[in-house]
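Colleague: Protein chains in written order, with my numbering: chain V, 1411 to 1801; chain S, 13 to 180.
Honestly, the hints are just simulated from the structure, not real lab data. Be aware that a few hints might be false.
[To be verified] To spell it out: a stretch of chain S is covered by chain V in this simulated footprint if at least three of its residues, at any positions, have a beta carbon under 8 Å from a beta carbon of chain V; those stretches are: (1) 41-54; (2) 68-75; (3) 92-98; (4) 113-126.
Keep in mind that this is a model prediction, so the values were computed, not measured. Each residue gets a CB set at the ideal place from its N, CA and C atoms; glycine is no exception.
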Amino acid sequence: MNNRSSGRFTAQFDANNQEFSLSGVLRPHSVAELADDLALLRNGIETVNGVCYVNLKRVIHMNNTAFRALTRVLLDATRSRPDLKLTVVASSVVAWASRLFRHLSDLSPNIIVEIYDSAFYPGQTFVENQSFIPILRTQTKMTWRHEREILPRHGLREGLHIADICCGIGDFAMLLRKDFKPARIVALDHSIPSLEYARKVAEDFNVHDIEYTYGDASQMLFESDQFDFVTCRHSLQIFDRPDVLLRELYRICKPGGRVYITNEKNSHCLGEPRAESIQWTYNEVAKLFAHFDMDVEMGPKGRRMLLDAGFKDVRMESFMVTNLDGDPQDFADIITAWQNVYADEMAVRRGDSAAFIERFKQGFADHIFAALHPRGYAGWPIWASSGQKPL
Amino acid sequence: MRVQVDAAFEPLLELEMEMATLVADWSNCDQCAAYVARMVSHDRHDPIRHANLLSAALNELFEMSFHTRESTGTLTFRVYRNGSIERIELAFPCSAEQRNLYETIVQRIRSGHALANYLDVITDDTARAEQAILLGLAVNYDANIELSIRDKGATTFVVDLALERLLN
């Protein structure tokens, strides 16, 4: 892998994947400023066979000078290597990019432009399933009982600049706004239906000061060092590359600010009575998610992950959402929603047998039974961790 | 000199800078574009993405002013809004020759061949940056561009941008 970094942007060529990537802000005064980066592309093109990928998904800005220079190199390549296909990939998040880069395919049939607008992570289709939306509100309502008390211990106070990354339907951002009165709050997600729902709720409540934005959490449009407090709840566990996401959370956090994450350990979901059946099913939930490259056992790993990412003063605690947190039916509704997606969709997609799915569902049914039992207890454990970005 | 602005357009922001200051440092273009875009976009549907898109367009305009290399006089930059449209009014000193170049490009855009001209320009090493910038604004941002007023060597661009509908 060849890497070049020029302050505000990075260029690299990955010979194994035949991919040239640019990221960051490319606003040079003259083409000469890009000479080494363009040479990296030219030299890379000479070494590849079949298809050369030009990954521009993470370019936040590119001025006309840079675009024309890149265009020239790509067109030269189509002439000197007519055997080669050049696939240019741009992000749907960056609106100017699709409109600018589309011209490349007008200039040569050997240049294909693809707009990357889905599959930010492997389990996206399951996790962003719209049938989840009503239950997400219930989940947040139940976790908020705990997190409202926990968050101040992780440095949250009034008047901060907050970013809620992977905000889903935006309900956590609404609660933060109400109880912690931030100076600014931005909420980002990659699900357009979830964001539309969030905006509708905000409008219904006459809330106009939450900035909802569509984006890719692994490459956000925010400038670096912007926020005092960055939250990312239940999301690192569903990304296949949580280290990349954590790096972005670190980047947008101000020095001295804190990043707060929550994750689960699904195999530790529990209930009484019928503990054995419940435990079996949730062990299988963890394996099912692992099959789709998601780690719902991540919770206790939060401390290590934050330290590895460069945070200091890492704080960690866990809490158990239970059927005793308000109405037990709320807890039961959450489990029903999990069963619908995990058993009826994910297990089916994995190709599990009818017998497995029946036993798998029984554990959810028993968890619901425990939650609604007058003497029962049902729990869902969550780990909350935070770290400070060094000054 | 202020252009006679349609009363429907509400003034949002005004920025004035000595040309000598602007042309002293290329990064001023990037910084002014990012700052103005963030200020103007804060109450748009998706403020972050709107700011990114607006910054891309504004940066091109600031860079175009920079390319004049004029070190006397003042650059005046105003933003107005009417519904979904942001109107940019950019005035800066430039030579008669430079102004003629702008006029030719704007006429070319009006002729209805902006895309074909743009594709020619981005593949032509000898084409002027101003051509790529103005044609690019029309083609990539659906900008409506007018050269509005001339006064003592100054040129004023009025650029209407309806960016929200470009955000998918």
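Colleague: Each hint needs a verdict: does it hold in this structure or not?
Modeller: Against the structure, the hints come out as follows:
no.: 1; hint: 41-54; in the structure: holds (count 4)
no.: 2; hint: 68-75; in the structure: holds (count 5)
no.: 3; hint: 92-98; in the structure: violated (count 0)
no.: 4; hint: 113-126; in the structure: violated (count 0)
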